[in-house]
Amino acid sequence: MIVRQFACRAFINAHLDTHLRKPQVSQTMARPSSDLAAFRKIFSKASNIAIITGAGVSAESGVPTFRGAGGYWRKWQAQELATPEAFSRNPSRVWEFYHYRREVMLTKNPNPAHLAIAECEARLSKQGRKVTVITQNIDELHRRAGSKNVLEIHGSLFKTRCMSCGHEAANYKSPICSALEGKGAPDPNTHDAKIPVQQLPRCEQTGCHGLLRPAVVWFGETLDADILTSAETVLDSCDLCLVVGTSSVVYPAAMFAPQVAARGVPVAEFNMEDTPATMRFKFHFHGPCGTTLPPALARHEAEQN
Numbered sequence: 001m002i003v004r005q006f007a008c009r010a011f012i013n014a015h016l017d018t019h020l021r022k023p024q025v026s027q028t029m030a031r032p033s034s035d036l037a038a039f040r041k042i043f044s045k046a047s048n049i050a051i052i053t054g055a056g057v058s059a060e061s062g063v064p065t066f067r068g069a070g071g072y073w074r075k076w077q078a079q080e081l082a083t084p085e086a087f088s089r090n091p092s093r094v095w096e097f098y099h100y101r102r103e104v105m106l107t108k109n110p111n112p113a114h115l116a117i118a119e120c121e122a123r124l125s126k127q128g129r130k131v132t133v134i135t136q137n138i139d140e141l142h143r144r145a146g147s148k149n150v151l152e153i154h155g156s157l158f159k160t161r162c163m164s165c166g167h168e169a170a171n172y173k174s175p176i177c178s179a180l181e182g183k184g185a186p187d188p189n190t191h192d193a194k195i196p197v198q199q200l201p202r203c204e205q206t207g208c209h210g211l212l213r214p215a216v217v218w219f220g221e222t223l224d225a226d227i228l229t230s231a232e233t234v235l236d237s238c239d240l241c242l243v244v245g246t247s248s249v250v251y252p253a254a255m256f257a258p259q260v261a262a263r264g265v266p267v268a269e270f271n272m273e274d275t276p277a278t279m280r281f282k283f284h285f286h287g288p289c290g291t292t293l294p295p296a297l298a299r300h301e302a303e304q305n
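At position 93 of the sequence shown the residue is numbered 93 (UniProt numbering), and the sequence of numbers has no breaks.
Errors might be hidden in some of the hints.
Claimed, not checked - Below, a list of computed lysine to aspartate or glutamate pairs in the DMTMM-like style, where the Cα atoms sit at most 25 Å apart: (1) 148 x 274; (2) 108 x 181; (3) 159 x 204; (4) 126 x 301; (5) 41 x 119; (6) 130 x 301; (7) 130 x 236; (8) 45 x 232; (9) 282 x 303.
To be verified - Label pairs and their in silico Cβ distance ranges: (10) 33 x 197: 53 to 61 Å; (11) 35 x 264: 14 to 22 Å; (12) 146 x 89: 34 to 42 Å.
Hints are computed from structural coordinates only; laboratory data are not their basis.
No residue lacks a Cβ here, since even glycine has one placed at the ideal position from N, Cα and C.
Starting from the given sequences, assemble the full structure and let the hints guide the process.
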């Protein structure tokens, strides 16, 4: 797939919006259908379903997206903090930002869209059918909802990686270290805590004690090759694809879903608005994912018991 040519988020985010907005003079695109019954008929026969999810799903759980107008933490946008360079310059500030995000996430719960996806996966697995979630989100709400087949292509807020030994591990401590307790307030008038680097999260591997960082994919970094390969395998073999709560201008949905559609596989988009990729898909269901997705994925009368 073409995604192997592009593994760096910094390049992709600038490139793809222009790429997807190019008019396709060689083909006439009809307006996607919003016929739920027609989608349900295809859904009832699909044996390998890929579901690509983005920030819009988590936004319905009250998770800040840090995109668009007002998407700031203090006076910085996420793109100014989620980089290796920002962490090298000021690890205390970056850890305050991620500590805030971790603590916020601990107060949020999966919404009906997350739960519908998890229920669908559990139900269809008993019928020998497969559902795989490929998510751009780092909040683990899909896992908390009960989804098992989840590919987190941008990592997780609740995993850390050691800068010294490279060890990666789940970490649900609250706070993640004592020095960050009570820190991370997003108010623009809040001053940096300026925590000494020795007091920031440290590796607990024997003899290491290296500085930990969030195990997420930052701007300018490459995606995990194993996860990317797994995502490609799913997308190359799926017979139905859903694009849920993503703008389709940010990697990976901007490239994955249109490629699936290009090989003739039905793609259904569930979103609050049209995206640059909408006209490439067979279906588009407008509205909150928590409202539109549950009836789409509910048990079909043709399903086996």
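Hints versus structure:
| no. | hint | in the structure |
| --- | --- | --- |
| 1 | 148 x 274 | 29 Å, violated |
| 2 | 108 x 181 | 19 Å, holds |
| 3 | 159 x 204 | 13 Å, holds |
| 4 | 126 x 301 | 16 Å, holds |
| 5 | 41 x 119 | 19 Å, holds |
| 6 | 130 x 301 | 18 Å, holds |
| 7 | 130 x 236 | 14 Å, holds |
| 8 | 45 x 232 | 22 Å, holds |
| 9 | 282 x 303 | 22 Å, holds |
| 10 | 33 x 197: 53 to 61 Å | 55 Å, holds |
| 11 | 35 x 264: 14 to 22 Å | 19 Å, holds |
| 12 | 146 x 89: 34 to 42 Å | 40 Å, holds |
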